[in-house]
Amino acid sequence: MSLLSSTTVLLGKELRTEFRSRELLTTTVVFILMVIVLFSFTFDPTYSESRRFGPGLLWLAFLFAASLMLQPCFLREQNNDTLSALRLSVSDPFAIFLAKLVANTLFLLFTEVLMLPVFAILYNVPVLPVLGQLLLVFFLGSLGVSIAGTALSAISAQARMRELLLPLLLLPLLTPVLVASTQVTVGLLDVSPFMEWKGLGFLVTFDVVFLTVLWLFGEYLLEE
Amino acid sequence: MHMKKQVLVAAIVFLLLGAAAYGAFFVAPTERTMGPIQRIFYLHVASAWTGLCAFFICFIANVLYVFRRQPQWDWLSISAAEVGLVFTTVVLVSGPIWAHPVWGIWWTWDARLTSTFILWLLYACFLLLRTLVEEPDRRALFSALFGIFAFLDVPLVFGSIRWWRTQHPQPVVMGGSGSGLDPTMWKVLFFSWFAMLALMALLMRARYLMEAARGELEMVRHEAEAV
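Protein sequences appear in the order of chains E and S. Just so you know, our numbering puts 194 at position 194 of the first sequence, and the rest follows in order with no gaps. Just so you know, our numbering puts 1036 at position 36 of the second sequence, and the rest follows in order with no gaps.
The set of hints was computed from the structure by calculation and includes no laboratory data. Do not take every clue at face value.
Claimed, not checked - Label-pair ranges, simulated between beta-carbon atoms:
no., chain 1, residue 1, chain 2, residue 2, range
1, E, Arg76, S, Ile1105, 41 to 49 Å
2, S, Ala1010, E, Lys13, 53 to 61 Å
3, E, Leu106, S, Leu1152, 20 to 28 Å
4, E, Ser84, S, Arg1214, 28 to 36 Å
5, E, Phe194, S, Ile1105, 52 to 60 Å
6, E, Leu106, S, Gly1104, 35 to 43 Å
7, S, Ala1224, E, Ala85, 33 to 41 Å
8, S, Leu1152, E, Lys13, 24 to 32 Å
9, E, Ser2, S, Phe1067, 39 to 47 Å
10, S, His1222, E, Leu88, 53 to 61 Å
11, S, Arg1032, E, Trp215, 46 to 54 Å
12, E, Arg52, S, Glu1225, 34 to 42 Å
In this text the structure is predicted, and so the values were computed from the model without any measurement. Ideal Cβ positions, reconstructed from N, Cα and C, are used throughout, including at glycine.
With the hints as extra help, turn the sequences into a complete structure.
Okay, structure coming up:
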């Protein structure tokens, strides 16, 4: 089986597993919602303040949510003893990562899109005029988060204190994603919105670098 | 005999460090605007370079471990990471001591300060990860892989923060035109760096031997349990 077809099959499996229980999506949505509400107490969410601090808090909420959401990614395989079967089923172990990271990106993107209108209403930030560009940033940012997160969740699944370990390993690694996506979002939510292409290029660089590293070293993460 | 040699090497390293301190206090000229406080520069910059060298050694050891699977590379990587973390801690402490009188603030979220802090955090997590995986081979492999991710992340962290906020003085070393050091300052700086590298080698060797002994002990215990 080629990389593409095995990835597609595995992606189908990931999506099916999630949509049967919908556990990850519902908990993540509620988590982001809670963070958005709690953040409103840390500053005065007026029109101008929201534009300055909103993007940062939105991305922090996404990052925290992702570090929790990516937890079961490999843990589930481990608990059900399905990792070996998964390894045997495909010739290229990169397909496992690819399927998982695409699924994670889709889940993250889905929750982000769901939360965007809530954020816009609660913090009085108009998002409709820049919706397309926002979605592009969301996609590139979530892809970066998923690439690094999928790789690290394979590590944390096999360690003690794994619930604490994944955020600990993941969050410092994601600093560049947080900085770049926040900057681009600040520009988009400005009174006169503008697109910071440099930030977007930076996100693409991050995604490409980490995807390459995962492609080169991913198979070692799945060793028994 | 072996013990004597070690003591001799350690004595030489401490003499070098003493000479570097003498150079920083008495040989290097006083900086015109900052005054004597600038002399911390020789400790700060030399430690920063040495810390980076240690992390680079750690990265090389990580890559070699993944491909060769010899425990020596794992021992080297943990020694380098720990020593690098110590030097980076010196950088993070000596920086604010200098910054307070010169900038008027202890800390600013500038590219180099922030990325050094994140570098410190990443390697602290690297060491933490090692304590949380029991099985030696798996611990070595996972920490090596995380080390590779972490090291490659550092330039990205630096780039991202540098583009969007910065206050650290323009690089005096390999900076643009108008920046530069007095020739004596250069000499003292390089000598301090050399002394720090010697200290790094000394510490790393001691740590490596300790880790090797621990690794062998672990292996013997494993065999004993199997019997």
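Each hint, compared with the structure:
The hinted range of 41 to 49 Å is satisfied by Arg76 of chain E and Ile1105 of chain S, whose Cβ atoms lie roughly 47 Å apart. Checking the proposed 53 to 61 Å range against Ala1010 of chain S and Lys13 of chain E shows it holds: the Cβ atoms sit about 59 Å from each other. Evaluation of the 20 to 28 Å hint for Leu106 of chain E and Leu1152 of chain S yields a pass: the beta carbon distance comes to about 26 Å. A hinted range of 28 to 36 Å holds for the C-beta pair Ser84 of chain E and Arg1214 of chain S, which are about 31 Å apart.
A C-beta distance of roughly 31 Å is found between Phe194 of chain E and Ile1105 of chain S, which places it outside the suggested range of 52 to 60 Å. At roughly 49 Å, the beta-carbon separation of Leu106 of chain E and Gly1104 of chain S lies outside the given 35 to 43 Å, and the hint is violated. For Ala1224 of chain S and Ala85 of chain E, the Cβ-Cβ distance of about 35 Å falls inside the hinted range of 33 to 41 Å, so the restraint holds. Checked against the given bound of 24 to 32 Å, the beta carbons of Leu1152 of chain S and Lys13 of chain E, roughly 30 Å apart, stay inside it.
Remark: the range hint 39 to 47 Å for Ser2 of chain E to Phe1067 of chain S is contradicted by a beta-carbon distance near 26 Å. Between His1222 of chain S and Leu88 of chain E the beta carbons are some 28 Å apart, a value that contradicts the proposed interval 53 to 61 Å. Between Arg1032 of chain S and Trp215 of chain E the beta carbon distance is about 53 Å. The supplied range of 46 to 54 Å therefore holds. Checking the proposed 34 to 42 Å range against Arg52 of chain E and Glu1225 of chain S shows it is violated: the Cβ atoms sit about 60 Å from each other.
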